[in-house]
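**Q** Please model the entire structure based on the sequences and the hints provided.
So the protein lines, in turn, are chains A and B. At position 560 of the first sequence (counting the first as 1) the number is 560 in the UniProt record's numbering, and the numbers step up by one without a gap. At position 238 of the second sequence (counting the first as 1) the number is 238 in the UniProt record's numbering, and the numbers step up by one without a gap.
Rather than coming from a laboratory, the hints here were simulated on the basis of the structure. Ideal placement from N, C-alpha and C gives every residue a C-beta, glycine not left out. Among the hints, erroneous ones may be present.
No farther apart than 30 Å at their CA atoms in a straight line, the calculated lysine-lysine pairs in the DSSO-like style are these [as the list claims (entries may be wrong)]: (1) B/281 - B/147; (2) A/452 - B/330; (3) A/330 - B/228; (4) B/228 - A/317; (5) A/330 - B/281; (6) A/228 - B/317; (7) B/330 - A/228; (8) A/281 - B/330; (9) B/153 - A/330; (10) B/153 - B/188.
A partial selection of chain B residues facing chain A, derived with a Cβ cut-off under 7 Å [stated by the list, open to error]: (11) 256; (12) 322; (13) 508.
So the chains spell out like this:
2 protein chains.
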Amino acid sequence: MNSFQPRTDDMQFILQQVLQAPAQLQALPAHTEADEALMQQVLEEAGKFVGEVVAPLNRDGDETGAQFRDGAVTMPPGFRDAYQAFWQAGWPSLACATEDGGQGLPTVLEAMLYEMLSAANHGWTMAPGLLHGAYECIKHHASDALKARYLKKVATGEWLATMCLTEPHAGSDLGLVRTRAVPLTNDKEGRYALSGTKIFISGGEHDLTDNIVHLVLARLPDSPPGPKGLSLFLCPKFYSDGSRSAVVCERIEEKMGLHGSPTCVMRFDEAAAWIVGEPGKGLNAMFVMMNAARLHVGLQGIGLLEAAWQKADTYAKERRQMRAPGSHSKAGEADAIEAHPAMRRILDAQRAWIDAGRVVAYRTALELDTLKHHPDPERRESASRWCSLVTPVLKSAWTDQAFTGASACLQVFGGHGYVREWGIEQHVRDARVAMIYEGTNEIQAIDLLLRKVLPDGGQALLHVLADLTDDLIDAPQYQRARQAIEQLAAFTRQQLLPRLQSPDAPIDTAQWLADDFLRALALVLMAWAWARIDMADPGGTTRWSTAHTGFWRWVWPEFDMRLATMNATLTPA
Amino acid sequence: MNSFQPRTDDMQFILQQVLQAPAQLQALPAHTEADEALMQQVLEEAGKFVGEVVAPLNRDGDETGAQFRDGAVTMPPGFRDAYQAFWQAGWPSLACATEDGGQGLPTVLEAMLYEMLSAANHGWTMAPGLLHGAYECIKHHASDALKARYLKKVATGEWLATMCLTEPHAGSDLGLVRTRAVPLTNDKEGRYALSGTKIFISGGEHDLTDNIVHLVLARLPDSPPGPKGLSLFLCPKFYSDGSRSAVVCERIEEKMGLHGSPTCVMRFDEAAAWIVGEPGKGLNAMFVMMNAARLHVGLQGIGLLEAAWQKADTYAKERRQMRAPGSHSKAGEADAIEAHPAMRRILDAQRAWIDAGRVVAYRTALELDTLKHHPDPERRESASRWCSLVTPVLKSAWTDQAFTGASACLQVFGGHGYVREWGIEQHVRDARVAMIYEGTNEIQAIDLLLRKVLPDGGQALLHVLADLTDDLIDAPQYQRARQAIEQLAAFTRQQLLPRLQSPDAPIDTAQWLADDFLRALALVLMAWAWARIDMADPGGTTRWSTAHTGFWRWVWPEFDMRLATMNATLTPA
Numbered sequence: 001m002n003s004f005q006p007r008t009d010d011m012q013f014i015l016q017q018v019l020q021a022p023a024q025l026q027a028l029p030a031h032t033e034a035d036e037a038l039m040q041q042v043l044e045e046a047g048k049f050v051g052e053v054v055a056p057l058n059r060d061g062d063e064t065g066a067q068f069r070d071g072a073v074t075m076p077p078g079f080r081d082a083y084q085a086f087w088q089a090g091w092p093s094l095a096c097a098t099e100d101g102g103q104g105l106p107t108v109l110e111a112m113l114y115e116m117l118s119a120a121n122h123g124w125t126m127a128p129g130l131l132h133g134a135y136e137c138i139k140h141h142a143s144d145a146l147k148a149r150y151l152k153k154v155a156t157g158e159w160l161a162t163m164c165l166t167e168p169h170a171g172s173d174l175g176l177v178r179t180r181a182v183p184l185t186n187d188k189e190g191r192y193a194l195s196g197t198k199i200f201i202s203g204g205e206h207d208l209t210d211n212i213v214h215l216v217l218a219r220l221p222d223s224p225p226g227p228k229g230l231s232l233f234l235c236p237k238f239y240s241d242g243s244r245s246a247v248v249c250e251r252i253e254e255k256m257g258l259h260g261s262p263t264c265v266m267r268f269d270e271a272a273a274w275i276v277g278e279p280g281k282g283l284n285a286m287f288v289m290m291n292a293a294r295l296h297v298g299l300q301g302i303g304l305l306e307a308a309w310q311k312a313d314t315y316a317k318e319r320r321q322m323r324a325p326g327s328h329s330k331a332g333e334a335d336a337i338e339a340h341p342a343m344r345r346i347l348d349a350q351r352a353w354i355d356a357g358r359v360v361a362y363r364t365a366l367e368l369d370t371l372k373h374h375p376d377p378e379r380r381e382s383a384s385r386w387c388s389l390v391t392p393v394l395k396s397a398w399t400d401q402a403f404t405g406a407s408a409c410l411q412v413f414g415g416h417g418y419v420r421e422w423g424i425e426q427h428v429r430d431a432r433v434a435m436i437y438e439g440t441n442e443i444q445a446i447d448l449l450l451r452k453v454l455p456d457g458g459q460a461l462l463h464v465l466a467d468l469t470d471d472l473i474d475a476p477q478y479q480r481a482r483q484a485i486e487q488l489a490a491f492t493r494q495q496l497l498p499r500l501q502s503p504d505a506p507i508d509t510a511q512w513l514a515d516d517f518l519r520a521l522a523l524v525l526m527a528w529a530w531a532r533i534d535m536a537d538p539g540g541t542t543r544w545s546t547a548h549t550g551f552w553r554w555v556w557p558e559f560d561m562r563l564a565t566m567n568a569t570l571t572p573a
Numbered sequence: 001m002n003s004f005q006p007r008t009d010d011m012q013f014i015l016q017q018v019l020q021a022p023a024q025l026q027a028l029p030a031h032t033e034a035d036e037a038l039m040q041q042v043l044e045e046a047g048k049f050v051g052e053v054v055a056p057l058n059r060d061g062d063e064t065g066a067q068f069r070d071g072a073v074t075m076p077p078g079f080r081d082a083y084q085a086f087w088q089a090g091w092p093s094l095a096c097a098t099e100d101g102g103q104g105l106p107t108v109l110e111a112m113l114y115e116m117l118s119a120a121n122h123g124w125t126m127a128p129g130l131l132h133g134a135y136e137c138i139k140h141h142a143s144d145a146l147k148a149r150y151l152k153k154v155a156t157g158e159w160l161a162t163m164c165l166t167e168p169h170a171g172s173d174l175g176l177v178r179t180r181a182v183p184l185t186n187d188k189e190g191r192y193a194l195s196g197t198k199i200f201i202s203g204g205e206h207d208l209t210d211n212i213v214h215l216v217l218a219r220l221p222d223s224p225p226g227p228k229g230l231s232l233f234l235c236p237k238f239y240s241d242g243s244r245s246a247v248v249c250e251r252i253e254e255k256m257g258l259h260g261s262p263t264c265v266m267r268f269d270e271a272a273a274w275i276v277g278e279p280g281k282g283l284n285a286m287f288v289m290m291n292a293a294r295l296h297v298g299l300q301g302i303g304l305l306e307a308a309w310q311k312a313d314t315y316a317k318e319r320r321q322m323r324a325p326g327s328h329s330k331a332g333e334a335d336a337i338e339a340h341p342a343m344r345r346i347l348d349a350q351r352a353w354i355d356a357g358r359v360v361a362y363r364t365a366l367e368l369d370t371l372k373h374h375p376d377p378e379r380r381e382s383a384s385r386w387c388s389l390v391t392p393v394l395k396s397a398w399t400d401q402a403f404t405g406a407s408a409c410l411q412v413f414g415g416h417g418y419v420r421e422w423g424i425e426q427h428v429r430d431a432r433v434a435m436i437y438e439g440t441n442e443i444q445a446i447d448l449l450l451r452k453v454l455p456d457g458g459q460a461l462l463h464v465l466a467d468l469t470d471d472l473i474d475a476p477q478y479q480r481a482r483q484a485i486e487q488l489a490a491f492t493r494q495q496l497l498p499r500l501q502s503p504d505a506p507i508d509t510a511q512w513l514a515d516d517f518l519r520a521l522a523l524v525l526m527a528w529a530w531a532r533i534d535m536a537d538p539g540g541t542t543r544w545s546t547a548h549t550g551f552w553r554w555v556w557p558e559f560d561m562r563l564a565t566m567n568a569t570l571t572p573a
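**A** The following block contains the structure:
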């Protein structure tokens, strides 16, 4: 089994030709230097590091896994060295501000780095995966004293960070969190004592870095029940005097996959911690981390699917079984299985998801850069609209596809896919978790429809859909994509909104169809993305045109099914 | 984690009320005694054995797994004792002829036993899973001398059997098999020396029984290349004089799941073996085993889905998170997650597949009984038509659903589903293999469309579809199901057959749409099955009517998508 090799040429084509990122970024005062050459250089260096240092550790990460003993976690062979090389080379701080020790590069480059990392080694990548969110959270919410101690260490990745939210009885429902924070008496720094148990803490304990910074949701005394009673706290593994905090890793979970990442049960025994931000505003501060995390999870989906596709594509070219219809092989000779329609269909459909996913995800990252740095408030507003609506779609649809698509790629191997030797089954096991964490995919759909589409009467959504149409040349070859966009807009205006807003609508109707709505929007985004790719490569080299055709043949037909299901749900029998 | 408990009341309702099996079976001279009471007694006893003896071993089967050392395989704790109890109680020989040491009961009861066993412990069940096929193969093809030695041992399950087909370079394409069989000089029994390597041999080596009977595809000297050059041989682990044959288990595979079943690499070093049937007719003899095996794999799909659903359903009733829309819970209290539409949708859709799958699978088993024993050749002909067309659909569609549905059930657990503790992720890993073995699901689709529908111009299929319609009362509440059946018939007559038979049709068109066609037929069979269930329970108790509604809401919409995809493939742009 060969390890994953990033194909940065494909990624760059999408970034530079399809999305014309240099022009977009250079319009931002913060990124006037982000030209094609700079981005190319960063991505090639990143690809080299990922392919040479991180990817070869993936198999050991799965087989050996993170090991727990007496409260300590030993990471799989090579993980620590690779991480030390990673942060010392400055990769974690790519998109952090220069004044915090970062390099001040655009978010989109960081996004592309994490896509490659996830493809190469999902387990290893979990460790630095939350860093940037923790950096933003500390930067925007912590006191100056706290920032002085922690911001630079987290920005550079010298210390890793965790997000401690979930408790045994509080998963999707953070309002049920019980961990208590009680003011410490006579503490000069005004700290609190944290007590409680957190579960599913990725990287709660490990040997990659000398310190670990925990960001913890907890409840102050006399705080109201529910989410409004939650505050955010920072509790390190080691304080600056070298003493250890009262945070214990009780065990790590045995999981379906992702064995390279320790999923920890963390117990806080009156651990001294600083508050981050205002009391009762813990979820707000945490959401900064969670939004960044959701885009990253969408990118994991794209990366894992690319990794699975690479393996299946290579195998399909080498393995010969049966004669394909219309074969020109010599009598008695079998054809490469990539010549068989059922296998082609699998491979082309995955490429359709991967390439369109990149267009949508990189654009989202570019919109994040725009949101942060564009001088025009209206442009920032449109960037905010895009990120708010598209992030849950990316997270949900592309992690669903990472799992089902990796499983389809496994199928290309036949029985050989089910044995561990080829490494394809690891991708299926690893990918499964991304449908769950950072908000289950069902919660993403509810977030999209009930919190982002319905409250403003669909205005933001219709705005984004209109932008998508404006973004396409009005030429015959893009009519199908334009119609696809218009079809969803018309459905939203004419069916969805009036019926959901009607006083007769049962209170649960929106929830019944939220999943369908998210999928429909994902497919429309893909239709737009494929038109954009085609606009950048109008001749249509085989590489792109096969996947483009694959999109309309094998992926798009789901759209009508989703509309039909929504219509049936909206129209009581 | 509780182990699986068969729910025989649901299964019996389908067998006895929906399919009216007693009347059907008693029309067969061989099964005049198969009344409701007998079947109930057998199924309840089976359920007891499965729930008490086999199910509790499932977790250990996964965690400890089969262990390989120096050519020997040690099965997981308890497996041998359970197997000894199983065969001594007569379960393997349930449907074997009484003259061969069996109990002469209907195939449908054996089918239901295997569904329960697969649900309870897929890995353990692999061991006896091939027995009945081996029994039929030896019974119908072996010489009397060979039968005298092996038939009864295999019928009773005192010895287990294997099917040695696959080789490293010959998976789906058995024509590429290279294992050689050379006549032994001066062998009194006229045996052959087998030499070659077979892979993916389930139960090739183990400690469950005192002997193992291998049925091996190999090539005689000077035989033509391709499938017609293959003959079938029988080679035991031990000969009757107690000496060991030259068959070696070289290693067992590390797999994604199914750890309770050793998947062996078997090396034959001039191993003395008897021919079974005529030279060059090996595939014919083997197909007896493979058809039985395909129905069993479909039943595995149904069983695994039932096991996953049971776990998810229990969890969804107990776990409380968030308030459901329209909740009547007290302020601040969370609702059981089964009250959330996204979770209900998952649970109802799986029940729609499980219950309809049982109707289709049990009917298929009843048709096998009819095919074997009905005095009327016309009725046997219609039974043969059904089995031939429906077996690949069951194998493919219900194993696809076992995997995607078990994954959906995992989603109900949120993060708890991804950790091993609850046992749900094991079902996902175990279920994945069923999409591959006994002919990949893509090969099932090709078998259905290219070998069974097209060669007779669709006659058999249209016959089966007409029978389905005739089988439903012509009443308003069954119009939708009747229309569904007619829609596929009309599409077959008006679109599919004319276009595929046209001289202009590209040679690969049928292969491009084979998967869609199989899915469309699966959905039509489900529409029929749900109408049949409704006919048996016209009041529609909540238990059945919820899943029936779930079928039309969440499962059926795929049908139009499949028709649209096929139409697009048939109509060049």
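**Q** Does residue 228 of chain B lie within 30 Å of residue 330 of chain A when you go C-alpha to C-alpha?
**A** Distance ~18 Å between residue 330 of chain A and residue 228 of chain B Cα, so the pair holds.
**Q** Does the alpha-carbon distance linking residue 228 of chain B and residue 317 of chain A stay inside the 30 Å limit?
**A** 27 Å, holds
**Q** Are the Cα atoms of residue 228 of chain A and residue 317 of chain B separated by 30 Å or less?
**A** Satisfied, since the Cα-Cα distance of roughly 27 Å is no more than 30 Å.
**Q** Is the shortest C-beta separation between residue 508 of chain B and chain A less than 7 Å?
**A** Holds, about 4 Å.
**Q** For the pair supplied as a hint, residue 281 of chain B and residue 147 of chain B, is the alpha-carbon distance within the 30 Å limit?
**A** Between residue 281 of chain B and residue 147 of chain B the Cα gap is close to 18 Å, so the pair holds against 30 Å.
**Q** Regarding the pair residue 281 of chain A and residue 330 of chain B, is the alpha-carbon distance no greater than 30 Å?
**A** 25 Å, holds
**Q** Can the hint on residue 256 of chain B be confirmed by a CB-to-CB distance to chain A that is less than 7 Å?
**A** 4 Å, holds
**Q** So if I understand the rule, the pair passes when the alpha-carbon distance is 30 Å or less; does residue 330 of chain B with residue 228 of chain A pass?
**A** Between residue 330 of chain B and residue 228 of chain A the Cα gap is close to 18 Å, so the pair holds against 30 Å.
**Q** Given the hinted pair residue 330 of chain A and residue 281 of chain B, is their Cα-Cα distance within 30 Å?
**A** 25 Å, holds
**Q** Just to be careful, I want the Cα atoms of residue 153 of chain B and residue 188 of chain B compared with a cutoff of 30 Å; is the pair within it?
**A** Cα-Cα ~23 Å, so holds.
**Q** Between residue 452 of chain A and residue 330 of chain B, is the straight-line Cα distance small enough, at 30 Å or below?
**A** 27 Å, holds
**Q** May I ask you to test the interface hint for residue 322 of chain B with respect to chain A, counting a Cβ-Cβ separation under 7 Å as satisfied?
**A** 5 Å, holds
Hint 9 alone, counting from the list given before, is not met by this structure.
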